[in-house]
Amino acid sequence: MRFRDFYLEYTVLAKHFQSLARLFARLAVAYGFYNPALLKWSNFDTTVAWFTQLGIPFASFATFLTASIEIIAVVLLVLGLFTRFITIPLMVIMLVAIVTVHYTNGFSAGNNGFEIPLYYFLFLSFFATHGAGKFSLDYILFKRGK
Amino acid sequence: MLQTIHKFIKDILVNFQSLSLLLARFAIAYGFLDPAMKKWADIDAIAGWFGSMGIPFPTLNAYMAASTEALGVLLLTLGLFTRLISVPLIVVMVVAIVTVHFAHGFSAGNNGFEIPLYYMLFLFIFMSHGAGKFSLDYLLFGNEK
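Protein chains in written order, with our numbering: chain A, 1 to 146; chain B, 147 to 291.
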């Protein structure tokens with residue numbers, strides 16, 4: 001019984017860190033998308049050729065779309081703006097990346113497996129369902145945005 | 147208009163909060179499974195390794211890290227005492243980053259601190275948000291969200 005009381009008290013305390021946890025995770029994921037986004041823009045034609053080789057239809061358009069979503073996502077995740085909107089297409093990109101590139105390499109990140117895109121997918125699904133937290137423009141814009 | 151669309155999407159998405167926490171818990175539990183088993187398979191070698199990295203009381207700390215990780219696998223899977231076990235696991239990740247990974251830079255391909263950092267962030271999320279509805283915590287401690 002005393003443990004139960006302790007756990008509930010601790011829960012009240014721990015909940016105060018929700019927005020901070022979301023902010024840190026948002027910044028990390030934004031940073032993670034920064035490099036892939038820049039690489040796609042700076043080597044656009046190479047990426048189109050790579051997408052074609054992977055069997056992705058409308059490779060030029062798909063590259064443009066992916067590169068655009070990723071670079072927009074970096075900005076929006078940092079600001080915490082339209083977080084619930086941007087996370088959905090990003091989750092789709094992660095799924096496509098896992099299926100077309102990483103899955104055949106197995107799990108481990110050291111072998112370019114699907115470990116890291118999976119973690120990104122899970123972070124993004126967390127943002128989509130929980131929102132950006134208090135340290136975000138969403139919170140100002142949509143109030144009760146939680 | 148934008149407010150209405152946002153509310154509409156949000157009202158759908160919030161139904162999946164517990165599912166997202168469950169999947170993340172499973173992923174992190176799975177991630178700790180390998181390191182935990184490796185440590186228990188040859189705890190003396192781990193103690194020697196800890197000693198060579200300058201960690202004080204290497205044998206004690208090898209047992210502590212191995213126990214915390216094994217316990218973490220079990221508790222994160224069950225969603226039991228999630229907010230509590232996350233804290234020592236965060237400490238294990240901080241120590242891993244400082245002693246092993248930081249010198250290798252960020253990228254996971256180079257054994258950098260990318261993955262332990264993501265683990266830390268997930269654990270911080272579990273500490274602050276709890277395990278969600280699909281957990282023993284929910285049965286034991288009720289609607290702690």
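A few of these clues could be false.
To be verified - Straight line, CA to CA, 25 Å or less: simulated PhoX-like cross-link-like pairs of lysine-lysine:
id, chain 1, residue 1, chain 2, residue 2
1, A, Lys143, B, Lys156
2, B, Lys153, A, Lys15
3, A, Lys15, B, Lys156
4, B, Lys279, B, Lys156
5, A, Lys134, B, Lys184
6, A, Lys15, B, Lys279
7, B, Lys184, B, Lys279
8, A, Lys134, A, Lys15
9, A, Lys143, A, Lys15
10, A, Lys143, B, Lys184
11, B, Lys184, A, Lys15
12, B, Lys156, A, Lys134
Hint data in this document are derived by calculation from the structure and do not stem from the laboratory.
Hints violated by the structure (listed by number, smallest first): 5, 7, 10, 11
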